[in-house]
Amino acid sequence: MYPTFKRTLLSISLAAAALTAGSAQAHSVWLLPSSTVLSAAQFVTFDAAVSNDIFHFTHRPLALDTLVITAPDGSHPEAVNVSKGELRATFDLKLEKKGTYIFDILRSGLRANWKEDGKTKRFMGTAEAFAKEVPANAQDLQIGESVAHVMTFVTMGAPSSVKPTGVGLEVMSITHPNDLVMGEPAEFQVLVDGKPVADVEVEVVTGQSRYRNALGEIRYKSDKQGKVKVSWSQPGMYYMDAELKDKNVSNKQATERSLSYSVTLEVQPQ
Amino acid sequence: MRNWVPVLLPSLVAALFAHPGVAAELSVKINVPQINASEYHRPYVAVWIERTDQSIAQNLALWYSQKSGPEGAGNKWMKDLRQWWRKGGRDVQLPLDGITGATRPVGEHTISFNDKALASLEKGEYRLVVEAAREKGGHELVRVPFNWPVAKAETQKAAGTQELGAVSVDIKP
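Chains as they are written, first to last, in this note's numbering: chain A, 1 to 270; chain B, 1 to 173.
Hints are supplied without guarantee of correctness; some may be wrong.
Calculated pairs, EDC-like style, for lysine to aspartate or glutamate (alpha carbon to alpha carbon, straight line, at most 20 Å) [as the list claims (entries may be wrong)]:
no. : chain 1 : residue 1 : chain 2 : residue 2
1   : A       : Lys252    : A       : Asp140
2   : B       : Lys76     : A       : Asp92
3   : A       : Lys97     : B       : Glu135
4   : B       : Lys67     : A       : Glu96
5   : B       : Lys87     : A       : Glu187
Read the hints as simulated data drawn from the structure, not as lab findings.
Input sequences plus hints: build the corresponding full structure.
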């Protein structure tokens, strides 16, 4: 089990849950590092936001209360200078250990609606809050679960291996996520709860979309082993995401689980 | 006794080629061009021998600022030599004995290597690669193909357009 998953469930806030899969379809959610490749210990700063234009702060900050940073040695350093602005949230981290750091904003919870005195009631939040706030015998109760990852990776020195969390939907890098370069296609594998899944659509978009007329997204579908081979059209920051619904729910009354994954990747020039 | 002969023969043949009468030599001339910039910093430069699959056969030189100063703060900018960094720079512990040195001024610089220094270089096709990255400036990479060893003296040339001038490789048999 992902070590911080339980803690994440407990600490999740309503505000964070409001940004789960349903609204993610309308906006992109992203975590943008100032650097992805370092040759010495230094600070990297990160922006986290929800917006239509990729890597352009135009809408809302992305809540950082469920951010988990995993250092190359498996420890979980705390972000510093965490701040939430009107259009983006930011934090810094000094990368002092050689290898790859994983940044993951994991949001998971329940969404529900039901009838009470003829009116529709809604709930979004954690499983604990759900137990308290939603009557067990609610009329026409409909429950959906959601798990959403927003990730990025930064490496100091030589890259170290990146393991999947095993929670929800992930588009795992087979080619190391900080070793992407123009002219070399990269391989990824779509996993749901750590297992490969075929026929999942993965969308890849180059950043700076506001400076061009067409979004230019490229869609790939995972093969039988869940694999996707991505070709880069230019160097730069890329946004990659995938969404999936399944029935693998943990709440007995829930009918559906919405899964989403997004990651920021940098492709270096040759 | 009989088994010794086939074992000994290849090493005798190899010994013949490994120690020819005149020592083989590879020397590289690199021109660091004059650049008109309001704020000029000497470039970081990596020089290495690359196999045809682009892997590093041997590092030859690495010019960078090993201390904080006007030419940058040590290892912090090494990643800007991005090809070298990715192909193997990130896997080595700096400084490298006999390879790392201070940044060089504008002008022509020659570095030479005898067959002893290149002992691990097997017969074959290679490329001499020079990569330069300048703070507040650009980045350029120049590749010069060559064969090793050579039967007679050869000179191979290439040139950069921005951050590097002429690069030539002189090889003696």
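So, going through the hints one by one against the coordinates:
no., hint, in the structure
1, Lys252/A <-> Asp140/A, "15 Å, holds"
2, Lys76/B <-> Asp92/A, "17 Å, holds"
3, Lys97/A <-> Glu135/B, "25 Å, violated"
4, Lys67/B <-> Glu96/A, "18 Å, holds"
5, Lys87/B <-> Glu187/A, "19 Å, holds"
Going through the hint list in order, the structure does not satisfy hint 3, though it satisfies all others.
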